[in-house]
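Take each chain as given, in its own frame, and dock them per the hints.
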Amino acid sequence: MEEVIREQYSEQEKQSIFNKEFMPHINSMYNFAYRLTLDPDDAKDLLQDTYLKAYRFIDSFQQGTNAKAWLFRILKNSFINDYRKKSKEPSKVDYQEVESYYNSEDVDRQITPDLRVEALQDMIGDEISVALNSLDVDFRTVIILCDLEGFKYEEMAKILDIPIGTVRSRLHRARNLLKEKLSEYAKKMGYKNA
Amino acid sequence: MNSPDLSKMKQDCSNSKECLEMLQMILDGEATTQQKEHFLKEHLEQCMPCYKNYHLEVAIRELLKTKCTSHAPQELVDNIRKQVSQKLAS
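Here the protein sequences come in this chain order: C and Z.
Residue numbers are given in the UniProt record's numbering: position 51 of the first sequence equals residue 51, and the series is strictly consecutive.
Residue numbers are given in the UniProt record's numbering: position 36 of the second sequence equals residue 36, and the series is strictly consecutive.
Simulated from the structure, these hints should not be mistaken for laboratory data.
These numbers come from a predicted model, not from an experiment.
Ideal Cβ placement from N, Cα and C applies to all residues, glycine included.
A hint or two may mislead.
Covered stretches of chain C, as calculated for chain Z (at least 3 residues, CB under 8 Å) [unchecked claim]:
#1 32-44
#2 138-149
#3 178-188
In isolation and in its complexed conformation, chain Z is listed as follows (with noise of 0.2 Å):
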C-alpha cells in the first residue's frame, strides 16, 4: 500500500460496518484478489476512517502475536513424550 495524501482523504465513511467487515477479510486471507484490490486501491487511500482501521487492526494483531502465545513447560513435554512412548512399547 502506497502512502496516502492524507489532506485529500475523506473524514467520514458513509460504509463503515462493511468496510470494517471487508478489511478484517482481507487481513484474514480470506478475500478474493478482486475484492482486495479493489477495496485498498478504491477505497482504503481515500478514506480516513477505514485507512486508520487498517493500521489498528494490523497493530492488534501483532500485539496478540507478541504477547497473547505460550510455551508448554518442557516438564509437561517430556512427561507426554514419555507417556506415549510406554503405550507404544506395551
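Next comes chain C alone, as it looks inside the complex (with noise of 0.2 Å):
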C-alpha cells in the first residue's frame, strides 16, 4: 500500500465501508480476475485473496477515494506476486521484449484497417472473448481496464504503476493487436476485406 496516511475505523465503519464500497464491484473484480489467469478456479482464489487483503489494509483506505481503483490495484498486484508465475500464460515472453516489438512502426503497416462494422455484428459467439484473451497479459489488461471498466488514463496509471505515457501507448497497441485478431475471425467468417 503506498498509502502513507491510515485511518482508524471502528469495526462498524470497517463493516460499512466493506459492503457499500467493496463488494458493489464484485462482478467487475472477478471479471478481472478471471481474464488475467485465465482460469476459473485461479479467479476464485485470486479474488478471495484481494477482498481479504482489502479488509486486512481497509485502514490505508481513504474514504471518498476510488474504491473501484484500489481493488483494482490491489488485485493486478496479488496476480503478478502469487499467479502470475503459476497462471496457464502460453507466452513466456519478457514483457520489455513484447513493447519494444510492438512500438516499432512495422506493426501500424500491418494493421489491416478494413475490420467492418457489419462483419463484428455477426460475431455473435465468444470470438472477441477469445480474442481478448489471446492478447498478451499486459495489453489484456489496459483493454480490460479501459474498455470494460471504464478507468481514466490517470486512473490506469496508478492501478498499473505505469506513466500515463506508457498507458496511451500500451491501449493503442492493445487495440491494434485485438482489431488484428478480430479482422482474422472475420476473414474465416468470408468476409473478403476484413
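Okay, here's the thing in C-alpha cells:
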C-alpha cells in the first residue's frame, strides 16, 4: 500500500465500507481476475485473496477516494506476486521485449484497417472474448481497465504503476492487436476485405 | 454527429495514425472539448477512413461490453462475506 495516511475505523465503519464500497465491485473484480488468470479456480482464489487483503488493509483506504481503483490495484499486485508465475500464460516472453516489438513502426503498417462493422455484428459467439484472452496479459489488462471498466488514463497509471504516456501507447497497441485478431476471425467468417 | 454526405468525403487520410489516436482519446473521454470539436467537426465528417474507424471503434467497445463481462459465482460472494464477518466478530 502506498498510502501513508492510515485511518482508524471502528468495526462498524469497517463493515460499512466493506459492504457499501467494496462489495458492489465484485462482478467487475471477478471478471478482471478471470481475464488475468484465464482459469476459473485461480480467479476464485485471486478474488478471495484480494477481498481479504482489502479488508486487512482497510485502514489505508480513504473514504471518498476511488474504491474501485484501489481494489483493482490490489488485485493486479496479487496477481503479479502470487499467480503470474503459476498461471497458464502461453507467453513466457519478457514484457520489455514484447513492448519494444509492438512499439516498432512495422506493427502499424501491418494493421489491416478494413475490419468492418458488419463483420463485428456477426460475431455473436465468443470470438471477441477469445480474441481478448489471446492477447499478452499486459495488453489484455489495459483493454479491460479502459473499455470494460471505464477507468481514466490517470487511474490506470496508478493501478498499473506506469506513466500515463505508457498507458496511452500500450492501449493503442493493444487495440491494434485486438483488431488484428478480429480481422482474422472476420476473414474466416468469409468477409473478404476484413 | 450529423450524417455526413458520404459522396463528398475524402477517401484517404494523410494522418491516419494520429487521427486514430485522437479518436481513441475522444472515445475514452480524455480529449479536451476543443480537441473534440475540432476533430469531429473539421475532420471526421470529411474523411471516410476516419469516419469508418470511428464506427469500428464504437462497435468494438460495444461488443466488448456485451461479450466480455461476467458475474462472480454467488457461492464465492457468500463465502467472502462470511469470512469477513467472521473476522469482524473475532
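Cross-check of the supplied hints:
Coverage of a stretch by a chain is defined here by at least three residues with a beta carbon nearer than 8 Å to that chain's beta carbons; for the segment 32-44 of chain C and chain Z the count is 3, and the condition holds. For a cut-off of 8 Å, the count of residues in the segment 138-149 of chain C with a CB near a CB of chain Z stands at 5, and the three-residue condition holds. Counting residues of the segment 178-188 of chain C whose CB lies closer than 8 Å to any CB of chain Z gives 3, which reaches the minimum of 3, so the coverage claim holds.
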